[in-house]
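K.L.:
Sequence:
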Amino acid sequence: MAVGGFGGVDGPVSSFNGKITASVVVTCIVAASSGLIFGYDIGISGGVTTMQPFLQKFFPSVLRKAAEAKTNIYCVYDSQVLTSFTSSLYIAGLAASLVASRLTAAIGRRNTMVLGGLTFLAGAAINGGAANVAMLIFGRILLGFGVGFTNQATPVYLSEVAPPRWRGAFNTGFQFFIGIGVVAANCINYGTAKRSWGWRLSLGLAVVPAAIMTIGALLISDTPSSLIERGKVEQARHSLRKVRGKDCDVEAELAELKKASDVANEAKREPFVTIFQRQYRPHLVMSIAIPFFQQLTGINIIAFYAPVLFQSVGFGNDSALIAAIILGLVNLASILVSTGVVDRFGRRYAFALVIFQPGDRILTARGAPRGARALAPRVGVAVLLAVTTGVSGTKEISKGYAILVLVLMCIYAAGFGWSWGPLSWLIPSEIFPIKIRSTGQSISVAVNFATTFVLSQTFLTMLCHFKYGTFLFYAAWIASMTIFVALFLPETKGIPLDSMNSVWEKHWYWRRFVSG
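Numbering (this note's numbering), first residue to last: 302 to 817.
Among the hints, erroneous ones may be present.
[Said to hold, decoys possible] Subject to a maximum C-alpha distance of 25 Å in a straight line, what follows is the list of computed PhoX-like cross-link-like pairs (lysine-lysine):
hint, residue 1, residue 2
1, Lys547, Lys533
2, Lys560, Lys547
3, Lys700, Lys495
4, Lys794, Lys807
5, Lys543, Lys533
6, Lys495, Lys533
7, Lys547, Lys559
8, Lys560, Lys533
9, Lys560, Lys543
10, Lys543, Lys559
11, Lys495, Lys358
[Stated by the list, open to error] Simulated restraints on C-beta separations:
hint, residue 1, residue 2, range
12, Met436, Val400, 37 to 47 Å
13, Gly546, Arg812, 36 to 46 Å
14, Met436, Ala407, 27 to 37 Å
15, Ile330, Gly770, 18 to 28 Å
No wet-lab data here; the hints were simulated from the structure. For each residue, glycine too, the CB sits at the ideal point set by N, CA and C.
Whenever a hint applies, use it, and build me the whole structure from the sequences.
P.N.:
Written out as structure tokens, the structure is:
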């Protein structure tokens with residue numbers, strides 16, 4: 302199959318040979334930087350909720366619980382109001398991602414990213430100056446709208462701009478910037494933790510990544526597919542020349558884009574109705590299953606509450622923040638692995654890496670079955686906590702065992718970083734035809750946020766009641782999702798977006814829906 306075509310065409314494959322130009326690289330890097338705001342929020346929220354001045358001002362009941370004698374270590378931070386601070390963003394993000402489907406069609410991918418950046422910036426300013434819980438939650442809601450808009454628009458933007466041969470690597474950039482945001486936030490938390498106003502600085506500095514991505518988005522052009530979709534043919538021609546190179550003849554490709562857009566417009570079907578048609582059943586299932594499973598790896602919940610979790614298992618406040626930084630750096634490094642793997646060996650191979658991790662073998666006897674090695678980090682954390690803290694969770698864990706928990710968690714984070722982390726953004730953004738691409742991505746992001754909200758709102762309560770069993774819960778889901786991918790996800794490596802339907806037609810199960 303020929304490799305070519307500008308992402309977003311439902312017509313013949315373009316003659317474009319997939320050459321990477323400097324303009325493509327710069328454009329994709331700038332667009333991917335939108336991940337900074339999501340990553341910064343993931344990293345900052347967990348650290349702030351361990352800062353005593355922050356807890357004293359907004360959640361004093363948590364401090365009182367921590368001061369009680371013989372408190373169950375798993376239950377110190379079990380507060381529904383406290384978890385609402387983290388999870389409120391995701392309800393807003395869910396609503397925003399659904400609205401963003403129509404926004405991206407009306408104003409374009411680039412402009413939706415700009416709107417997301419400005420909304421996030423306003424929320425960061427309000428959180429930095431918050432005087433009560435209501436202001437905190439309102440600021441979080443604005444942050445959620447910002448993240449919802451950008452998370453819907455950016456992966457689609459990257460898939461439409463990147464050459465098919467390298468689409469996976471470029472799209473992975475979004476997750477890489479999320480990782481950078483997490484690490485930067487954890488470092489800022491560490492630097493501000495001992496200051497009475499440190500939490501304000503940590504929350505308020507979210508305006509920096511928001512400003513960076515907003516200014517960056519203003520400097521790039523929208524995708525040719527989006528411009529054609531909105532009838533801006535001349536701007537689409539200019540955008541194509543900018544991405545392909547000034548010496549490249551773009552007229553044939555422009556004609557293909559216009560033809561595909563005309564076909565989509567002639568259908569005049571409501572996209573939220575079209576996506577439920579039988580022929581799009583595999584696309585819809587993946588847009589729901591992939592983000593749902595991503596969150597059930599449990600890694601984002603660990604990222605939110607890493608400082609809280611590490612304090613619970615024996616680290617002091619400073620040590621807990623350092624441990625969170627280490628966890629973020631491991632995740633960041635593992636994303637680079639995915640960048641090199643996803644276009645060379647394929648998506649399915651990268652997904653399998655979450656469970657078949659090289660590091661697992663240090664945790665089990667040599668010669669143990671692969672399935673046993675696969676779940677070792679997750680099961681290992683559960684067993685270690687059960688043995689060292691007791692079933693009731695009232696025993697203190699030694700420093701050595703606390704460090705071992707960190708090592709296991711790092712292996713856990715690495716598996717996510719080179720598999721489900723970047724791929725959960727890539728797959729939904731590349732499998733849909735142009736007429737329902739924005740809608741499919743909106744559903745995917747909405748499912749991601751809905752699942753994240755439920756898990757983030759319940760994690761600390763689950764930790765309190767299930768204790769070490771919480772990690773067994775996630776281990777079971779990881780096994781299930783790996784089986785799902787092996788059976789139902791076709792390989793999309795190197796396939797132009799305009800030819801993506803062929804992978805479903807050849808699949809042993811999905812062909813019954815898309816054929817004929």
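K.L.:
If you draw a straight line from the CA of Lys495 to the CA of Lys358, is it 25 Å or shorter?
P.N.:
Roughly 15 Å separates the two Cα atoms, so the pair holds.
K.L.:
Is Lys560 within 25 Å of Lys547, Cα to Cα?
P.N.:
holds, 23 Å
K.L.:
Starting from Lys547, check that the Cα of Lys533 is at most 25 Å away, please.
P.N.:
Within the cut-off at roughly 19 Å; holds.
K.L.:
Check whether the Cα positions of Lys543 and Lys559 lie no farther apart than 25 Å.
P.N.:
This hinted pair holds, its Cα atoms lying about 18 Å apart.
K.L.:
Return holds or violated for the Cβ distance of Gly546 and Arg812 against the range 36 to 46 Å.
P.N.:
Taking Cβ atoms as reference, Gly546 and Arg812 lie about 38 Å apart, which means the hint holds.
K.L.:
Assess, step by step, whether the Cα of Lys794 is no farther than 25 Å from the Cα of Lys807, and give holds or violated.
P.N.:
Given pair Lys794, Lys807 holds - Cα atoms ~14 Å apart, limit 25 Å.
K.L.:
When you check the alpha-carbon spacing of Lys560 and Lys543, does it fall within 25 Å?
P.N.:
Given that 25 Å is the threshold and the Cα spacing comes to 21 Å, the pair holds.
K.L.:
With 18 to 28 Å as the target window, see if Ile330 and Gly770 comply at their CB atoms.
P.N.:
violated, 42 Å
K.L.:
Given the proposed pairing of Lys543 with Lys533, does the C-alpha separation stay at or below 25 Å?
P.N.:
With Cα atoms ~15 Å apart, Lys543 and Lys533 stay inside 25 Å; holds.
K.L.:
Hinted pair, alpha-carbon criterion (25 Å max): Lys700, Lys495. Please report holds or violated.
P.N.:
holds, 22 Å
K.L.:
Sort out whether Lys533 lies within 25 Å of Lys495, counting only the CA atoms.
P.N.:
violated, 53 Å
K.L.:
Is the gap between the beta carbons of Met436 and Val400 within 37 to 47 Å?
P.N.:
Check failed, 24 Å falls outside 37 to 47 Å.
Consistency with the previously given hints fails for numbers 6, 12, 15, ordered from lowest to highest.
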